[in-house]
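Q: Taking the hints into account, I'd like the entire structure generated from these sequences.
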Amino acid sequence: MVIGKAVTVKTCPHYPYANYLGIPRMIEGYKPLKSYCFYPVSARVANFYNVNPENEGKISYAITTLWAPQTFNQADEYCQTRFGGQLASFKDARERILLHKAVFPSFDERSHKSLGFLVGLKSYFHAYPIFTDGTDGSYGFNRSETESDKLPRCHGIVRSYKYPIDSMQAVKCTHFFKFVCKGRIFSIPKEVQKYMVDDTTKQADSNDICEEERELLYFFHATKVVDIRDGSSYCIHDFFVSRKVHITDFQEAEELCRTHLGGHLLSISNSEELRFLSGLLFPPLNGSMVELELRPLGLHYSHGDISNFTDGSNGLYAIKEGYKEKNSLDLLGKCFVFVHLYNENRSAIWRSNCKAETVYKRITCKVRNEPISNGKSKRFAASGIGRDSTQSKRNWEQFLIMGSIGAVSGLIIIALYISRSER
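If you count the sequence shown from 1, position 220 lands on 220 in UniProt numbering, and the numbers rise without skipping.
One thing to keep in mind: the hints can contain errors.
Said to hold, decoys possible - Once the Cα atoms are required to be at most 30 Å apart in a straight line, the calculated DSS-like pairs of lysine-lysine come out as:
(1) Lys324 with Lys101
(2) Lys162 with Lys172
(3) Lys10 with Lys101
(4) Lys178 with Lys113
(5) Lys178 with Lys162
(6) Lys178 with Lys361
(7) Lys113 with Lys91
(8) Lys320 with Lys178
(9) Lys324 with Lys361
(10) Lys326 with Lys172
(11) Lys34 with Lys178
(12) Lys34 with Lys91
(13) Lys150 with Lys178
It should be emphasised that the hints constitute simulated quantities derived from the structure, not laboratory data.
A: What follows is the structure, given as structure tokens:
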């Protein structure tokens with residue numbers, strides 16, 4: 001869509017995971033900003049597995065859709081965290097028209113009687129109106145139809161499909177379900193672009209049982225993973241975040257893995273490891289309403305440097321994947337999450353904000369073990385996957401020993417029986 005001589009409206013090239021009420025639209029050519037995106041969203045919280053609050057020892061599989069209406073400040077903070085911007089702003093009639101065209105369905109669709117979104121303007125008595133991003137709000141203030149005498153007033157844009165007409169309204173500042181964020185255009189850092197090539201390195205794995213931490217509520221038993229290339233192994237501990245385990249950010253999640261298990265947050269070094277961990281951590285959920293599940297990764301990226309995971313693994317593969325993905329949890333996030341999209345039946349690595357209390361419902365820790373010899377691993381040539389056979393060998397040895405003891409005991413009993421019979 002071309003508006004005027006130099007301004008165009010088209011779909012944003014990258015946008016984070018959110019509950020959109022329309023396609024995120026990019027505005028190009030409107031000064032003073034070269035380009036930016038409008039994101040029309042609602043305050044719905046994504047579905048996740050959770051622990052039954054009435055019984056910490058049981059896992060609740062009930063899926064609940066949570067609607068969390070936002071205050072004006074909460075909505076603006078959401079825009080900052082998720083999109084690297086703030087609630088939408090406009091300084092004149094032309095930009096307001098751009099905003100309406102970008103976020104509302106066309107009048108021809110007539111899918112609503114009316115539809116409205118909160119924008120970043122809050123007006124006070126005897127205070128000059130300014131949007132949260134610093135844009136002059138006098139035009140928006142003067143255009144708004146006032147529906148409340150109480151101050152402060154929160155301003156929004158409205159489209160009526162009945163008449164039809166576009167307008168602005170100033171209402172009492174309470175809670176809002178729908179709002180528009182205005183954020184910058186996503187771009188891949190130059191130091192990451194040069195590494196954007198396909199990764200074909202193969203990893204390895206297994207699923208033997210590891211010792212578990214009693215205080216943690218596991219989703220499945222801690223599992224040993226073996227790399228048959230060098231015999232190294234690690235244990236995967238996947239557990240729920242509950243009242244006993246309170247996590248509010250990336251650092252606290254990493255600290256939990258260190259103090260409770262002597263390990264680190266999950267790391268993913270290549271595509272083979274990603275495929276294996278996807279099958280291990282995200283079992284099929286046929287008929288479920290769960291949209292996605294995720295785990296925080298032990299990786300924090302700073303521009304100008306290719307970081308390693310907290311366990312020392314190379315972070316290049318995860319960083320590449322995080323920036324190649326069209327979607328993310330947070331557009332400008334410097335941390336990463338391993339996510340499974342059930343509606344697409346695939347797993348991916350997404351960028352996320354390092355503070356994510358609402359999404360850390362399950363944590364996966366990786367605990368490195370001492371290297372073991374290749375002779376203890378059974379090989380699977382087709383996939384390069386190895387299963388630790390140490391426990392199986394130990395069980396077989398115990399069976400032979402117990403069998404021998406049983407045979408000797410049986411002979412002694414028979415001999416005593418014969419001896420008594422002869423008497």
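Q: Are the hints correct? Go through all of them and say.
A: Do the hints match the structure? See the list:
1. Lys324 with Lys101: 29 Å, holds
2. Lys162 with Lys172: 24 Å, holds
3. Lys10 with Lys101: Satisfied, since the Cα-Cα distance of roughly 11 Å is no more than 30 Å.
4. Lys178 with Lys113: Since the Cα atoms of Lys178 and Lys113 sit roughly 16 Å apart, the hinted pair holds (cutoff 30 Å).
5. Lys178 with Lys162: Holds, because 20 Å separates the two Cα atoms, which is no more than 30 Å.
6. Lys178 with Lys361: 25 Å, holds
7. Lys113 with Lys91: 27 Å, holds
8. Lys320 with Lys178: 33 Å, violated
9. Lys324 with Lys361: 25 Å, holds
10. Lys326 with Lys172: 37 Å, violated
11. Lys34 with Lys178: 26 Å, holds
12. Lys34 with Lys91: Answer holds: Lys34 to Lys91 is near 15 Å, not above 30 Å.
13. Lys150 with Lys178: 21 Å, holds
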